[in-house]
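**Q** Just need the whole structure built from these sequences, with the hints factored in.
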Amino acid sequence: MAKQIQHLDRVAIRFAGDSGDGMQLTGDRFASETAILGNDLSTLPNYPAEIRAPSGSLHGVSSFQVHFAAHDVLTPGDSPDVLVAMNPAALRANLADLPPNAEIIVNTDEFTPRNLEKVGYTSNPLENDSLDGFIVHRVPLTSATIAALADFEVSKKDAERAKNMFALGLLSWMYSRPTEGTVEFLRQKFAKKPKIAAANVAAFQAGWNYGETTEDFAVRYEVKPANLEPGTYRSVNGNSALAYGLVAAGLRAHLPVFLGAYPITPASEILHELSGYKRYGVTTFQAEDEIAAVGSALGASYGGALGVTSTSGPGLALKTETLGLAVMLELPLVIVDVQRAGPSTGLPTKTEQSDLNIALFGRHGEAPLAVIAARSPADCFYAALEAARIALTYRMPVILLSDGYLANGSEPWLLPDPADLPDLRVEFATEPNGPDGKFLPYLHDPHTLARPWAVPGTPGLEHRVGGLEKADGTGAVSYVPADHDLMMRLRAARVEAIDVPDLEVEDPTGDARVLVLGWGSTYGPVGAACRKLRERGVAIAQAHLRHISPLPRNVGTVLAGYDRVVIPEMNLGQLAHVIRDRYLVDAVSYNKVNGQPFTSAELETVLEEVVRND
Amino acid sequence: MTEVPLKLTAKDFRSDQEVRWCPGCGDFAILSAIQSFMPELGIPREQITFVSGIGCSSRFPYYLNTYGMHSIHGRAPAIASGLAISRPDLSVWVVSGDGDALSIGGNHLIHALRRNVNIKILMFNNRIYGLTKGQCSPTSEFGKVTKSTPVGSRDTPFNPIAVALGAEASFVARTIDSDRKHLHSVLRAAAAHQGSAFIEIYQNCAIFNDGAFDVLKDPASRDSVLVRLEHGKPITFGASGEKCVVREPRGFGLEVADTASVPRSEIIVHDETVPGPAYAFTLSRLSDQDLSNTPVGVFRRVARPAYESLVQEQNAAARTGVADATPDDLLAELLHTGNTWTIR
Ligand SMILES: Cc1ncc(C[n+]2csc(CCOP(=O)(O)OP(=O)(O)O)c2C)c(N)n1
Ligand code: SF4
Ligand SMILES: [Mg+2]
Chain A
57 MAKQIQHLDR VAIRFAGDSG DGMQLTGDRF ASETAILGND LSTLPNYPAE IRAPSGSLHG
117 VSSFQVHFAA HDVLTPGDSP DVLVAMNPAA LRANLADLPP NAEIIVNTDE FTPRNLEKVG
177 YTSNPLENDS LDGFIVHRVP LTSATIAALA DFEVSKKDAE RAKNMFALGL LSWMYSRPTE
237 GTVEFLRQKF AKKPKIAAAN VAAFQAGWNY GETTEDFAVR YEVKPANLEP GTYRSVNGNS
297 ALAYGLVAAG LRAHLPVFLG AYPITPASEI LHELSGYKRY GVTTFQAEDE IAAVGSALGA
357 SYGGALGVTS TSGPGLALKT ETLGLAVMLE LPLVIVDVQR AGPSTGLPTK TEQSDLNIAL
417 FGRHGEAPLA VIAARSPADC FYAALEAARI ALTYRMPVIL LSDGYLANGS EPWLLPDPAD
477 LPDLRVEFAT EPNGPDGKFL PYLHDPHTLA RPWAVPGTPG LEHRVGGLEK ADGTGAVSYV
537 PADHDLMMRL RAARVEAIDV PDLEVEDPTG DARVLVLGWG STYGPVGAAC RKLRERGVAI
597 AQAHLRHISP LPRNVGTVLA GYDRVVIPEM NLGQLAHVIR DRYLVDAVSY NKVNGQPFTS
657 AELETVLEEV VRND
Chain W
29 MTEVPLKLTA KDFRSDQEVR WCPGCGDFAI LSAIQSFMPE LGIPREQITF VSGIGCSSRF
89 PYYLNTYGMH SIHGRAPAIA SGLAISRPDL SVWVVSGDGD ALSIGGNHLI HALRRNVNIK
149 ILMFNNRIYG LTKGQCSPTS EFGKVTKSTP VGSRDTPFNP IAVALGAEAS FVARTIDSDR
209 KHLHSVLRAA AAHQGSAFIE IYQNCAIFND GAFDVLKDPA SRDSVLVRLE HGKPITFGAS
269 GEKCVVREPR GFGLEVADTA SVPRSEIIVH DETVPGPAYA FTLSRLSDQD LSNTPVGVFR
329 RVARPAYESL VQEQNAAART GVADATPDDL LAELLHTGNT WTIR
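Top line first, the protein sequences correspond to chains A and W.
Its first residue numbered 57, the first sequence is counted upward by one per residue in the numbering used here.
Its first residue numbered 29, the second sequence is counted upward by one per residue in the numbering used here.
Do not take every clue at face value.
Unchecked claim - Some chain W residues close to chain A (C-beta under 7 angstroms, calculated; not the full set):
#: 1; residue: I100
#: 2; residue: R103
#: 3; residue: I107
#: 4; residue: H136
#: 5; residue: Q340
#: 6; residue: N343
#: 7; residue: P355
As the list claims (entries may be wrong) - Each pair of labels, with its calculated beta carbon distance range:
#: 8; chain 1: A; residue 1: H310; chain 2: W; residue 2: T37; range: 45 to 51 angstroms
#: 9; chain 1: A; residue 1: S400; chain 2: W; residue 2: G171; range: 36 to 42 angstroms
#: 10; chain 1: A; residue 1: T288; chain 2: W; residue 2: I71; range: 37 to 43 angstroms
#: 11; chain 1: A; residue 1: R243; chain 2: W; residue 2: R347; range: 27 to 33 angstroms
Claimed, not checked - Stretches of chain A that chain W covers, calculated by requiring three or more beta carbons in the stretch to come under 8 angstroms of a beta carbon on chain W:
#: 12; region: 82-92
#: 13; region: 95-104
#: 14; region: 289-299
#: 15; region: 331-342
#: 16; region: 521-531
It should be emphasised that the hints constitute simulated quantities derived from the structure, not laboratory data.
C-beta: ideal position from N, C-alpha, C; glycine also.
**A** What follows is the structure, given as C-alpha cells:
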C-alpha cells in the first residue's frame, strides 16, 4: 500500500509512560535519530519526584518531549502535536496539554479495568467520546511486541519490556527517521546479552513494519533538515554543558579546578559529571554540607585553584556567610545555583527563577558580587566560562544562575574549537609590590581593581587575610572608620569595574515600540513568542541579559528607546524590581510561578496585548 | 632549589601585628610555644598556612609570619580541607576554640577527622566563649554559672577527646597552655603524623573562666590529677607514682587503682598505636568534668592514609598520558568523547 507523504515544518512529540517503561531512553533515542537527520531540536524530560512511584499510578508517569524542526528550535515545544501514551496513567496525565487534532498513539493492551481504575477512569476513554477531537491510533503495543518476538529466546517479561522499542520503531517510521543509530545503540547497550539485543532490535523493526503495513497509519511525515552550521555536534543538557564549561575554564586558565559540592536536586549531576573528569584536572569533594562545600572551594581558591561550588536554592542559603568572606578575601570563586521552585524544599524537581534576589542581595552587610545567568542548555557552557573569567580576572565570587529547565533540557551543541575560547590565564603574584620590598596584599590594580593573588608556597609574600575589615593596600586589620567607608565603596566599585559586553537588542524591522527584557532560561520561550509575533507583522524588540551584576552599561539607554518594557520572569518580579529601581522605568512585570516554564503561546498573547495597548 | 638547611628561629615566625589578647590569657603562652616550635619543623615559612575560625583563639594566624586565614566561625576545618586537598605540598594548621570547633563547627571537625585530611587541628579549650564575653560553651561543666546560664547550665558537656575518637580521628592528643615542653612534644608527634591530628589544648581564659585548669598546673595538686601518657610506659601518676590505671573488673573500661595494691603486670602500658579506638576512648573517660585523673599526651596515633594522598592516587591514575597533551588537546578530547555527529 502506498503511503501518503506529508511535509511538516516542525513537530513536538511527547513519549509518556510508566517510570518503568523506558520513556527517557525512547525519547532520547528518537532525539538522537532526529539530530543525525539534521533537524534542529530541543528536548525536555519530566520525571516523577518519587524514585519508585507505584506502577501505573498518575504520579509515576514519566515523559520526554522532543521538539524538532526544519529551522532553528528555541524551546522543547509548548504542547505536543503527538502523544505516545503507554498506559492509561500516561494518557490521563498528559491529555490536558494536547491541542485539538493532536495525534495520540495509545497502547490499548494496558487499558484494562484495573489500570483504568488505578487512575480514576470510570469508563474506558478509548470507548467513550472523551477523545473526540483527537486523532487516535489504537495500537496493541504490548501484544504486538510479544507476537513479534515469539521466535526469540527471551522470557515473556523481557519481550514485553521491549515494547518501548516497538513504539520507537513506529514513530521512527512515521517521521521517516534514520534507524541505523538505534540498531547500533541497542547492540552496544546489550553487548553482554546478545539475545536481549536481538529482541530489542526486532521489536524496533517490528514497530517500523507495523507503520508500513497497517492501514491505520495512512500518512508518513517528513521534516526537512534545518540549515545548521556545519561541524561536529553533541547533545547536551544544561548540567552537562555547565560541567564541560567548568572543565574548559580550568584548562583555558591552566589551573586545576576544585569543586566542593553537596548533593541537591537539580544540581547534583554537575558533581556527578565533574567527578568523572579527574583526567582533565578536576578534583571533586563531596562535602558534609553546603557550608563546607563552599568553604573547601574557597580554601582551594586561596591555594591557587579555580574553586567552584554547585548547588540549588536551599544550599545557596547555607553558603551566604562564606560568600561574605569570599567578598572580603577578594579571591576567585564560582558559585553555581541551579534554581528550583522554593521557598524551603518547595518543588525540588520544578523550575523557577526565584533566586535572583538571594544572588544579588542575600548576604549580610553589603557584600556585592557578580551575578550572571545562562539562557539555554548549551549556553551553560559559555556561561561557566564567563563566570570563571570574571572570577579570575576580578578576583571575586561570581554566582552563575541556571535552573531546572536548563539543567534537564537538552539541545544539539556545535562543539567549539578550544583555541577559540577565551584565554583565562592569570598571573600569581611572585614579587613584593610595595615600597621597600614590602608585600601589599590589598594593593588594587587600577583597571580591574583586583588585588594580587599570592598563593601559599610563594616565598616572601607570606601574609594574612581574613574577614575583619582591613586597610586598603596593606590588608592589615583596621577599625578606622575611614577605612571601612573606603573598603565598602571599593567593594561596590570592584563589581562595577567588571568589563561586561553591551546589551544587544533584536528588532529586525527596527520599528518596535515595545521591548521584552529577559534573563536566564526564559530566552527560548520569549524568543519563540517574538518570532511568532513578527511572523504576524507585530513589531517587538527582544533583549536578554547575561550579566545582572553588574548590568551592562547601555541598559539605561536601551530601555529609554522604547515606550514600554515587558519583563517576563518565573518569579514574582525580581528583575523588574531591579530595573525599576535602577532606571526608574515603569516596566510591565509578567510572572509565572507554578513550577512550569513559560510557553511561547502564553508569552505571545501577553506581549501582543502590551503592543496593542501601547 | 638551594639545599641550604633552613635556620629559622622563633623570631622569624612573629608577624608585625600587635598581639591583642587580655593580660594573663593562655593564648600568649600557646603562641609563643608554637613560634618556638615552628623552626624545628624545618619547613620554609611560605609552605605553612594557618587557618582559623572566629574567637579569641582564632586571632592566632595574624600573629604568625606564615600564610594565614582568619575565616568564619566554625568553618576553618572545611576551608583548610579544600586548601590541603588541592595543595598537598603545604603544611596546613587549624586553630580553633571550644565553641568554634565543637559547637558551630562540630560538623566540619568530625568530617575532617573521619576523612583524615592532612591538617593539624589545635583546639584551644578554655571551656567558655571568650570573644563573646563569657557564655557557656559545649565544654563548660554541667551546672556552670555563666552570663547565659545565671543559675547554672543544664547542658551536659562534650568530652572533646571522645568526640574526636568517635569521629575516626587517627591522631588525638591533649596538652596544656602553660607546659611548653609538653606542648612541643605533642606538636612534634602531630606534625610527624600523616593525616588529621586533633590536639586539645587546655587554655586559661583570664577574664571569663580564670583558673579553670589551675588544678592541673598548681604544683600542690597537679601530680595527683595529671595522668601523663607516655608510649610504652605503664600508666602511673601521683607524686611518687602511687596511682595507676588498670582494667575495670566489670565492662571494658579503665579505672584508677593504688599502685601498691595491684600486681605490676596489671598496670596498663600505654600504647598509642592500638588499632581500635576503644582503648583510647576508655582512657579519655578516666577524667571527669572536675578534671580528676586528666590524661595528657597522645591518646591515639594510628597509621591511615591521608585523604589527599588517596585523592592524588585516583587523580594520577586518571591522568595517564596527560603530561604530553596541551590543555586544548585535552579539552578537545573531552568534548569529542561519546556520542557526537557531524553536519556537513
Ligand atoms: C555565625 C556567627 N555566630 C556567632 C558569632 C559570635 N561568636 C564569635 S566567637 C564566638 C564563640 C567563641 O568561643 P570559642 O570558640 O570557644 O573561642 P574563644 O573566644 O573562647 O577562644 C561566637 C559565638 C560569630 N562570629 N559568627
Ligand atoms: S577573653 Fe579570655 S580567651 Fe579571650 S583574650 Fe581575654 S583572656 Fe583570652
Ligand atoms: Mg572558648
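**Q** With reference to the structure, classify each hint as holding or not holding.
**A** The hints, checked one at a time:
Below 7 angstroms, beta-carbon pairs count as interface contacts, and I100/W has one with chain A at about 5 angstroms; its hint therefore holds. For R103/W, the suggested interface contact is upheld, since its CB lies about 5 angstroms from the closest CB of chain A, less than 7 angstroms. Annotation: I107/W was flagged as interfacial toward chain A, and the flag holds, the nearest CB pair being 4 angstroms apart, inside 7 angstroms. Against a cut-off of 7 angstroms between C-beta atoms, the interface hint on H136/W holds, since the closest Cβ of chain A lies about 5 angstroms away.
Hint status for Q340/W relative to chain A: violated, with the closest Cβ pair at about 9 angstroms, above 7 angstroms. A hinted interface residue such as N343/W counts as satisfied when its beta carbon comes closer than 7 angstroms to some beta carbon of chain A; here the least separation is about 5 angstroms, so the hint holds. Of the supplied interface hints, the one on P355/W holds, with its beta-carbon coming within about 4 angstroms of a beta-carbon of chain A, less than 7 angstroms. Our hint of 45 to 51 angstroms for H310/A and T37/W is violated, since their Cβ atoms are close to 38 angstroms apart.
The hinted window of 36 to 42 angstroms between S400/A and G171/W holds, with their beta carbons roughly 38 angstroms apart. Judged by the Cβ atoms, the range 37 to 43 angstroms given for T288/A and I71/W is violated: they are separated by roughly 49 angstroms. Roughly 32 angstroms separates the CB atoms of R243/A and R347/W, a value that falls within the hinted 27 to 33 angstroms. Figure legend: the region 82-92 of chain A, annotated as covered by chain W; annotation consistent (3 residues with Cβ-Cβ distances under 8 angstroms, at least 3 required).
As drawn, the region 95-104 of chain A meets chain W at 0 residues by the rule of a beta-carbon pair under 8 angstroms; below three, the given contact is violated. Here's how the region 289-299 of chain A fares: 3 of its residues keep a CB closer than 8 angstroms to some CB of chain W, so the rule of at least three is met and the hint holds. Here the region 331-342 of chain A counts 7 residues with a CB under 8 angstroms from a CB of chain W, which clears the bar of 3, and the coverage holds. Judged by the Cβ-Cβ criterion of 8 angstroms, the region 521-531 of chain A is covered by chain W as claimed, because 4 of its residues qualify and three suffice.
The structure fails to meet hints 5, 8, 10 and 13 from the earlier list, while all remaining hints are met.
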